[in-house]
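S.K.: Protein chains in written order, with the working numbering: chain W, 10 to 470; chain U, 8 to 597.
Don't take each hint at face value.
Said to hold, decoys possible - Partial list, derived from the structure: chain U residues whose beta carbon lies under 7 angstroms from chain W:
{"#": "1", "residue": "I13"}
{"#": "2", "residue": "K16"}
{"#": "3", "residue": "N18"}
{"#": "4", "residue": "T64"}
{"#": "5", "residue": "P68"}
{"#": "6", "residue": "E278"}
{"#": "7", "residue": "G363"}
{"#": "8", "residue": "Y367"}
{"#": "9", "residue": "P401"}
{"#": "10", "residue": "L478"}
{"#": "11", "residue": "I481"}
Claimed, not checked - List of simulated lysine-lysine pairs, BS3-like, C-alpha gap at most 30 angstroms:
{"#": "12", "chain 1": "U", "residue 1": "K483", "chain 2": "W", "residue 2": "K446"}
{"#": "13", "chain 1": "W", "residue 1": "K453", "chain 2": "U", "residue 2": "K505"}
{"#": "14", "chain 1": "U", "residue 1": "K293", "chain 2": "U", "residue 2": "K463"}
{"#": "15", "chain 1": "U", "residue 1": "K483", "chain 2": "W", "residue 2": "K299"}
{"#": "16", "chain 1": "W", "residue 1": "K20", "chain 2": "U", "residue 2": "K16"}
{"#": "17", "chain 1": "U", "residue 1": "K16", "chain 2": "W", "residue 2": "K406"}
{"#": "18", "chain 1": "U", "residue 1": "K186", "chain 2": "U", "residue 2": "K101"}
To be verified - Partial chain U-side listing against chain W, Cβ under 7 angstroms, derived:
{"#": "19", "residue": "E52"}
{"#": "20", "residue": "I88"}
{"#": "21", "residue": "Y110"}
Treat the hints as calculated values from the structure; they're not laboratory data.
C-beta: ideal position from N, C-alpha, C; glycine also.
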Amino acid sequence: MAVREYSTVSKIYGPIVVVEKVKEVSYNEVVEIIHDSERRLGTVIMVDENCAVVQVFEGTEGLDIPETRVRFLGKPLEMRVSKDVIGRVFDGLGRPLDGLGEILSSDSRDVNGSAINPVSRIYPRNYIETGVSAIDGMLTLIRGQKLPIFSGDGLPHNRLSVQIARQVSSLKEDFIVVFSAIGLKKHDADILMKGFEEFGVLNRMVVFLNLADDPTVERISTPRMALTVAEYLAFDENMNVLVIMNDMTNYCEALREISNYRGEIPGRKGYPGYLYSDLASLYERAGMVKDSSGSLTQIPVLTMPGDDITHPIPDLTGYITEGQIVLSRELHRKGIYPPIDVLPSLSRLMKDGIGEGYTKEEHPEIANQLFASYSRVQDVRAIASIIGEDELSSVDKSYLKFGERFEREFISQGFDERRSIEETLNKAWDVLLTLPKSELTRIKRERLEDENAGKSEPDES
Amino acid sequence: MNRVSIIRKVNGPVVVGKNIGVFFMGEMVKVGEMKLVGEIVSLDEENVTIQVYEETTGLKPGDPFVGTGRPLSVILGPGLIGNIYDGIQRPLGKIEELSKGFYIGRGIETFPLDDEATWEVEMLKKVGDTVEPGEFYAKVRESESIIHRLMIPKDVRGKVIESAKSGKYRVKDVVMVVKDEDGEKHEIKLYQSWPVRTPRFYREKLMPRIPLITGQRVIDMFFPIAKGGSAAIPGGFGTGKTMTQHQLAKWADADVIVYIGCGERGNEMTEVLTEFPKLVDPRTGKSLMDRTILIANTSNMPVSAREASIYTGVTIAEYYRDMGYNVAIMADSTSRWAEALREISGRLEEIPAEEGYPAYLSSRIGGFYERAGKVVNLNGSEGSVTIIGAVSPPGGDLSDPVVQHTKRFVKCFWALDRDLAYSRHYPSINWLTSYSDYTEDLDEWFRKNVDENFSKYRKRAMELLNEDDRLQQIIKIMGEDVLPDDQKLVVSIARMIKVGILQQNAYSEIDSFCSLKRGFMMLKIVMDFYDRAVEFVKKKVALSQILKEDIVETMMRMKEMIGNDELEKFEDVRKMIDSHFEELERIYGS
Ligand SMILES: Nc1ncnc2c1ncn2[C@@H]1O[C@H](COP(=O)(O)OP(=O)(O)OP(=O)(O)O)[C@@H](O)[C@H]1O
Ligand SMILES: [Mg+2]
Chain W
10 MAVREYSTVS
20 KIYGPIVVVE
30 KVKEVSYNEV
40 VEIIHDSERR
50 LGTVIMVDEN
60 CAVVQVFEGT
70 EGLDIPETRV
80 RFLGKPLEMR
90 VSKDVIGRVF
100 DGLGRPLDGL
110 GEILSSDSRD
120 VNGSAINPVS
130 RIYPRNYIET
140 GVSAIDGMLT
150 LIRGQKLPIF
160 SGDGLPHNRL
170 SVQIARQVSS
180 LKEDFIVVFS
190 AIGLKKHDAD
200 ILMKGFEEFG
210 VLNRMVVFLN
220 LADDPTVERI
230 STPRMALTVA
240 EYLAFDENMN
250 VLVIMNDMTN
260 YCEALREISN
270 YRGEIPGRKG
280 YPGYLYSDLA
290 SLYERAGMVK
300 DSSGSLTQIP
310 VLTMPGDDIT
320 HPIPDLTGYI
330 TEGQIVLSRE
340 LHRKGIYPPI
350 DVLPSLSRLM
360 KDGIGEGYTK
370 EEHPEIANQL
380 FASYSRVQDV
390 RAIASIIGED
400 ELSSVDKSYL
410 KFGERFEREF
420 ISQGFDERRS
430 IEETLNKAWD
440 VLLTLPKSEL
450 TRIKRERLED
460 ENAGKSEPDE
470 S
Chain U
8 MNRVSIIRKV
18 NGPVVVGKNI
28 GVFFMGEMVK
38 VGEMKLVGEI
48 VSLDEENVTI
58 QVYEETTGLK
68 PGDPFVGTGR
78 PLSVILGPGL
88 IGNIYDGIQR
98 PLGKIEELSK
108 GFYIGRGIET
118 FPLDDEATWE
128 VEMLKKVGDT
138 VEPGEFYAKV
148 RESESIIHRL
158 MIPKDVRGKV
168 IESAKSGKYR
178 VKDVVMVVKD
188 EDGEKHEIKL
198 YQSWPVRTPR
208 FYREKLMPRI
218 PLITGQRVID
228 MFFPIAKGGS
238 AAIPGGFGTG
248 KTMTQHQLAK
258 WADADVIVYI
268 GCGERGNEMT
278 EVLTEFPKLV
288 DPRTGKSLMD
298 RTILIANTSN
308 MPVSAREASI
318 YTGVTIAEYY
328 RDMGYNVAIM
338 ADSTSRWAEA
348 LREISGRLEE
358 IPAEEGYPAY
368 LSSRIGGFYE
378 RAGKVVNLNG
388 SEGSVTIIGA
398 VSPPGGDLSD
408 PVVQHTKRFV
418 KCFWALDRDL
428 AYSRHYPSIN
438 WLTSYSDYTE
448 DLDEWFRKNV
458 DENFSKYRKR
468 AMELLNEDDR
478 LQQIIKIMGE
488 DVLPDDQKLV
498 VSIARMIKVG
508 ILQQNAYSEI
518 DSFCSLKRGF
528 MMLKIVMDFY
538 DRAVEFVKKK
548 VALSQILKED
558 IVETMMRMKE
568 MIGNDELEKF
578 EDVRKMIDSH
588 FEELERIYGS
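Isolated chain W (complex conformation):
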C-alpha cells in the first residue's frame, strides 16, 4: 500500500498521537512520526472514518501539533531476519547499536507473530542441561519450554541468567541465546554484557537492549523483536534458541502506562484487563513445531513487586508459563547461591523429559523424594523454633540435618560451577541418605535395598 503523509495531528498525550482526516489507514499499521529531522516509529491502535490513534514507541517528548508529520507505511511493525543477526546488538526497535550496519535481508517478519496451530506443535521432551543442580535435578528445563525466573529486587537473577546463558550456549546442541533487556538499569546491563563478553559467548548471542532511560513504549516492542528473530532462527534455520527476557516487570509497567493514557478501564492493580492475553502473545511463541528440528525455549525473568507471588505480573505469568523458578530472599540472606526455593517452583514439562531414556531412570523418584522431604523440613523447622531442637525426635533431627545439607550442598553451587546431570543426581542421593531409609517412601524399595544406591555411573555419551 502506498505511503501516505499527514500533518493533521490534533492531539498529543502520553505516548499517543491522534491524527485527523486520514484515509485508508489500517489497524496495527506502522507509522513514522517526523519532527524536524527526527524520525520515530509508532503503530495504529484504533482507527475510524475520521482519525487514527497512534502509539509512539520512542515517546512524544518534543513533538508539537503544527510541525509534526505522520507517515503511514502500510504494513505492521517488522524486523528483518537472517542468520547474520547472530553476534549483533540491537535496540528495542531492532536498529543496530553496535555500529556494524543494517541487516541486509529481503525477509521481513511482522513482529507481532501469529498463533502457532496446536496441531502443528511437537510436544517438547528433550531436556537442556543448564549445569545448575536445582534446575536440572528438580525443575528440569525442556527444549521448547517457557520457564520464568520469579525474583525480587536485589536478588541475583541477573547472575543466574548469565550463568544459564553461558552454560547453555556452550552445550553441544548448538544453542543460540537471544537476550532481550527490557528497561534494565545501565549498570545491570553493563554487568550482563561484560559477563557475556568475558566468557566469549557474544558470538553465539543476539542482544536487544532497551535500558531504563530508553523510551518506555519501546519496551512493548523489545521482546517482540527478540522473539521474531528467535522464531526465525528456531523454525526457519532449525537452531536451538534460548530467549531470555529480562525484566518482564518493566514490560508490564509499560503496558499499564499506555493503557492508562488510553483511558481504558483498569483491572487489578491498574494493569489492563488484557494483560493475560498480551503476555500469552509473547510466552506462547515458545515451542517446537513440525517440519523443524529447532526449538524456542524461553526464560522470562521478572521481579515480583514486594516479593509478592500473587501480584498480577507473576500471577498471570505463572498462569501462562510451564512452571516457574522462584528465588528466595531467605536463602539469599543465608548466603546460598543460586537462592532457588524449590517448593513454590515447578517445571511442568519435566515429567516427560526425565527418567529412563532421557536423563536417568531414578531421576523422577529422586526429584519427588527431594520435594517431599524438603517440604517436611519446613514443618520440622517450624516446630523446632517453638520447642527447641533438642526436643525433636531422632527422625525429625535427621530432617533438620538433611535440610541444611540440601541447601548447602545440593542447591548451593558456584557461579562458575557447572554440574553434569550425573553429578547432580549423585549429590541428591548423597544428601537424601542423611535420612533414615524408611523415610524415603518415594523411592522404589528395590532401589533402596540396592547396595550401590547413590552411586550412579556417569554416562559416556
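Start from chain W and add chain U with the ligands according to the hints.
M.R.: Okay, now just chain U with the ligands, sitting in the frame of chain W:
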C-alpha cells in the same frame, strides 16, 4: 438482498460498521477483504457492532463486510469424534493444510466435517413413516467406540417421501426428504446446524443418581460427581487444574468427552493430541481418541473466539447427549472465558460491574452450567451432560467474582490448595474446603455397587481428617509431643489417609486410575486398623509398638504395590495386620 456494507471503525477485535437495515443480532458476517469471521453483537439505526473472531490487523474503515444471513452455528454430524477445532469450530487439522505452515492463517473458510469421507449409513426409516424433531432416522459407526445416531433436525416434522437405501454416503449427501403439513419439503443430510448460543431441546430433566466414576480416589470416594452434574475446580497456577481435567478425560466412565482448552497453553492441547490416541479406554479397549473431541482456543488465539469456544463445546456435547450418551465436558479454564467476556465488554464500552466484569457475568456462568443435566431426550432416550469447569482466580484467591458466581451454580467444588501443591500432595484437592452436594443422592448407588458400608467409612474417614486438622493447629503451637497417645494415633492415621489414599500420582502406572472397589479396600484396611489400634492405646500399649514401621509403610505404599486387577493381594495386607495385632494381643492381652 444486498448484505454488503462498510466498516467505520476498528478497535482490536471489535469492529463497527454501517447498518444498512438488513442485519440481525447474532448474524455471522465476513469482514474485510480477507473475509474474517465475525458475529453481530449489537445494533442501532446507524451502526452494527461486530465481534471479529480473527486477528484484525490490516482492517481499515471503508473495507467491506458481508452478512451471511445465518446465525453463527455449529455443524453437527459424523466426523466430530477425534477431531480438534478452534473456538468457532474450524478444524485445526484442515487449517494446518490450508495455512501451509504451522501458524494459523486468517480468513480460511472450511467445512468443519470431512465432506469427502464416506460413512456406512444404516437407514432406520422408510418412505411413508412420519418423523419428528430429534427422532433417530439412521445410524453410522463413527469410531470404534461410538455409534452416531442421526437425528431429524429441529423444525422438521412430517412424512418421509424419499429415502436412500442403507449404504455409503458423504455428510453432504441428501439421504431423505420429509414433507411437512404445509407441503414444504425438507432435505435431510448427514449433518445439521445449530445456533451456537442456543441450548438444544430436551423433553425432561431428571435427578442425577449415578456417579461419574473418575478413577481419582479423592473425588470418587469423598467428593463424588453425578453423571449430569456440574463441578468447579478452582485453584491458583500450578495447583493441578489441568492435570485433574486430563485425568478425568482419560479415566472417567463417560461415553464421549468434549475437552475445551479455553485460553490455555498450546502444548497442553498438543499433549492430549499426542497422548490420547495411544491410550486405551479401559472400558472399551479402544483408543481414547475414539471418544474424544477437542476444542482448542489457546491463550494466544483471538480472544473473541475464546468466548465462543465454551458454547461450541457444550453444543456438541448436547448433540451426543441427544443420541443417548453420557457426555462429560472439561472446560479449562472458565476464568479465561470470563476474561474474554470482560475484554469484549470493555471494547463495547459497557458499564462494568465488579472487577471490570460485565453485569451479566453471573447469568452467563449460570447459563453455561445449566446446560449440564441428565435428561430424557426428544426421542425418548436418556443421556447426560456433565460439566467440569476449571477456575483460575487471581492470586488463587477464592473471593474472585468468577469463583463466587460459579459456586452458586455448581454442586461439586474441588478446591485446589497451593500449600498442598507446594508440598507435592497431589491431587491438591483440599479435603476441608471441598464439597459435593451429590453424596447423599449417590449413596444408594455406592451401597449397591461397591459396599454396604461405603458411606459409613467415608463419613468416619472425614471425621478423622477434621479431627486431625484441629490437632494440627495445636501441633503448630506446641509440637506433637504434648498430645496424648489417642490423639497422636489420630494424627498418624490421618497421615496414612493423606499419603496412602488421598494422594494419587497421575504418572504412576499402577495408581493413575483407581477402581472404586480398590479404593474402598484401601480405606477399609486403614480404618479397620485404626479401630483395632484404638483398643491397644486404651490398654496403654506404646504407640511405637502399635504403629509398627513396616505395617505403616505397607499401608502407605499399597497404592503403588497392588494394582486394580490383583485385589486379592489386599488379603495379604489384612493377614499381615491381623498377625500383628494377634502378636500384640499375645503380649499385652487382657
Ligand atoms: N495428580 C497429580 N499427580 C502428579 N502430579 C500432579 C498431579 N496434579 C498436579 N500435578 C503436578 O502439578 C503440575 C501443575 O499442574 P497443572 O498444570 O494441572 O496446574 P494448573 O492448575 O492447571 O495450572 P495453570 O492454572 O497454570 O494452568 C503438573 O505439571 C504436575 O507436575
Ligand atoms: Mg492449567
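S.K.: Does each hint hold? Answer for all of them.
M.R.: Quick rundown of the hints versus the structure:
{"no.": "1", "hint": "I13", "result": "violated (9 angstroms)"}
{"no.": "2", "hint": "K16", "result": "holds (4 angstroms)"}
{"no.": "3", "hint": "N18", "result": "holds (5 angstroms)"}
{"no.": "4", "hint": "T64", "result": "holds (4 angstroms)"}
{"no.": "5", "hint": "P68", "result": "holds (5 angstroms)"}
{"no.": "6", "hint": "E278", "result": "holds (5 angstroms)"}
{"no.": "7", "hint": "G363", "result": "holds (5 angstroms)"}
{"no.": "8", "hint": "Y367", "result": "violated (16 angstroms)"}
{"no.": "9", "hint": "P401", "result": "holds (6 angstroms)"}
{"no.": "10", "hint": "L478", "result": "violated (13 angstroms)"}
{"no.": "11", "hint": "I481", "result": "violated (11 angstroms)"}
{"no.": "12", "hint": "K483(U) x K446(W)", "result": "holds (26 angstroms)"}
{"no.": "13", "hint": "K453(W) x K505(U)", "result": "holds (19 angstroms)"}
{"no.": "14", "hint": "K293(U) x K463(U)", "result": "violated (36 angstroms)"}
{"no.": "15", "hint": "K483(U) x K299(W)", "result": "violated (53 angstroms)"}
{"no.": "16", "hint": "K20(W) x K16(U)", "result": "holds (19 angstroms)"}
{"no.": "17", "hint": "K16(U) x K406(W)", "result": "violated (69 angstroms)"}
{"no.": "18", "hint": "K186(U) x K101(U)", "result": "violated (36 angstroms)"}
{"no.": "19", "hint": "E52", "result": "violated (17 angstroms)"}
{"no.": "20", "hint": "I88", "result": "violated (16 angstroms)"}
{"no.": "21", "hint": "Y110", "result": "holds (4 angstroms)"}
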